[in-house]
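Residue strings, one per chain:
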Amino acid sequence: MNKSDVDRFEKLSGQLISVYEEMSLLSKKNPNDAVNKFKLKFVNRLIAESNEFLLAKYRPFDDFDSFDEDDIPHTSDVVFILSQYLQCFEKLRADNVVLEYGSWFWQVEGDDNDNVDKNGMIKIRTVKPKKLKD
Amino acid sequence: MNLIRPRLTDFHGIHKSQSDIDFAIQFFDEDIPLYVDPFLLWKSPSQQDQALHTAIINSFNHLNYLVKKRRSDDAIAMLIEISECQEVGLGVSKTRKGVKIGQGQAEQILQLFHDIPEYSQFGFTHFEVIQLYISGISKDRISDIASNYIKSFLIDYTIEQCESLGIPIEGVILESIYNYKNNALDFNQKVYLPVNPVNKEPIIFTPKRWLRFNPWINFEDYFQSYCPRDEIFNPDEPQERVKVLNYNREHYGAVQGYIEYKTRNIEDCTNDPLFSQIPTLSAKRKLDQLIKLPTGKEDGADLKYEELSASLLSSLFYPHLDFAQTQSRTESGRHIRDLVFYNNRDVDFLDEIFSDYGNRQLVVEMKNVKAIERDHVNQLNRYLQSGFGSFGVFLTRHELPKAIYQNTIDLWSSQRKCIIALTDEDLKLMAQVYESKQRAPIEVLKKKYIEFRRSCPS
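So the protein lines, in turn, are chains E and R. Its first residue numbered 1, the first sequence is counted upward by one per residue in the working numbering. Its first residue numbered 1001, the second sequence is counted upward by one per residue in the working numbering.
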């Protein structure tokens, strides 16, 4: 991973979280209600970008690419899948962060302009990975 | 090709739903139970509609001129002639044929110009009020008289609509057309109109926006909500219509007050749609009742199932599929009911079943049974050979048993016939999306079709 990957990670995971929260609200009201085509289009786009970013190693399911519009997925289906993606994003983060002086940092490859350490890595401040023991 | 209860558009291969078309689509065999309400023309924001209303009223008041000029016979002849307009196909007649009013009734109407000074002097502003004076004059007469006065406009309108939709027209002779310039009838006029293919009778279209189940001004409404019943009837006296009519003739103010009252509430006067969907709440209630029904025939459960699902599906599929009819037929001693829909081809899926399976209409067979059996599939399969195309739907309680499902797949493989089963679960989803408006219920049928096609060998 490098700096731009961290940027992409933050953007994608932020979007996933907000869509997940919105869909959870809908799902709590009516878990079996259909998701409209407008929302589904963007959910699918987000999932496609996430698949590309996570690569095979971190993708939640090998055989899930996107929702089929014609299958009329329920809100609860979308919430279920999004939660899996969020978990996998967290897993990716947990694998790439370190604890230093009480704070958590991404440890990623730096480029020529960065102040890299002896392994060629730089550190970027981040939050504590969720559901990890201190 | 045999179509069940064909409409003019279906007959000519124009696949548009009623909601997309400006006029009321006519059936060949019977009337549409709606009426032209002159009040809607008067109320319309369009100057053209208002002008037509003025034309109707002026023409009607011209009868007063004739009476005053001692040409009562002409006026009576005119009234009788314009009291029926069967070309517009509105009303409740099963045969599209109506009868004209009699001499006596025509005289009674003209008498109003004599008896009530206000009409004699100033004429009518809403001629529908004759319902409040004359016994036997009801909404269909009002509608027919209005249609006859503007028949010339309606003919032009019909031709214009036919040209834009590609409905064929041909030369026909109309008995009479009202001539606004001479205030007289032109008899035996040749015009170009669409015709009923069976009996070659001419057909005239009426814009949907002028149609109501009941005219805004009508006797029942007047009797219920406005007329001073205490003054008309003595206590414990039977409430007879004639007494009210007589009272009105002597109390012009009451009728005038009623018109003012109706004019004040003009905002509530809207045209009635030809089909209205059931409200969401009622759809949910119907679904709940349906889900609770036991399978089989006990306590008339099958009839109840048919009734509930007919009303549910016709609303859920609207406006993509216009409801045609519930059909009964008896095959091998069993009573089978189906729902038949017109295929308007307005969504890709419906277009596909038209082009791939030849479905100009869609048949839904209702089966309140525990499990669909081979016999049921064979019945529907046989049915699909006669004009319904080769796409059919079972409405049943549970998913098809595995062997039967395989049977339908084999049918597709060998004969390209497609049989889809909609179950209680699908109905639930349809009702759910009908309520939430997130997707269209018709998409649930598409979903089932796509699932079916995925199981078919490629």
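The hints are simulated quantities; they were obtained by calculation from the structure and are not laboratory data. Mixed in with the good hints, there may be bad ones.
Here are the computed lysine-lysine pairs in the DSSO-like style, where the Cα-Cα straight-line distance is at most 30 Å [as the list claims (entries may be wrong)]:
no., chain 1, residue 1, chain 2, residue 2
1, E, Lys37, R, Lys1286
2, E, Lys28, R, Lys1043
3, R, Lys1016, R, Lys1043
4, E, Lys29, R, Lys1437
5, R, Lys1016, E, Lys29
6, R, Lys1016, E, Lys41
7, E, Lys29, R, Lys1043
8, R, Lys1437, E, Lys39
9, R, Lys1448, E, Lys41
10, E, Lys28, R, Lys1448
11, E, Lys37, R, Lys1043
If you only want the chain E side, here are some residues facing chain R, beta carbon under 7 Å, derived [said to hold, decoys possible]:
no., residue
12, Asn32
13, Asp33
14, Asn36
15, Asp65
16, Val108
Computed Cβ-Cβ distance ranges for the label pairs, DEER-style [claimed, not checked]:
no., chain 1, residue 1, chain 2, residue 2, range
17, E, Asp68, R, Arg1005, 33 to 41 Å
18, R, Asp1410, E, Arg45, 33 to 41 Å
19, E, Asp62, R, Arg1005, 46 to 54 Å
20, R, Cys1456, E, Glu90, 35 to 43 Å
21, E, Gln15, R, Ala1403, 43 to 51 Å
22, R, Arg1229, E, Ser24, 21 to 29 Å
Please read all numbers here as calculations on a predicted model, not as lab measurements. Ideal Cβ placement from N, Cα and C applies to all residues, glycine included.
Checking each numbered hint in turn, tell me which of them this model violates, lowest number first. 2, 5, 7, 11, 15, 16 and 22
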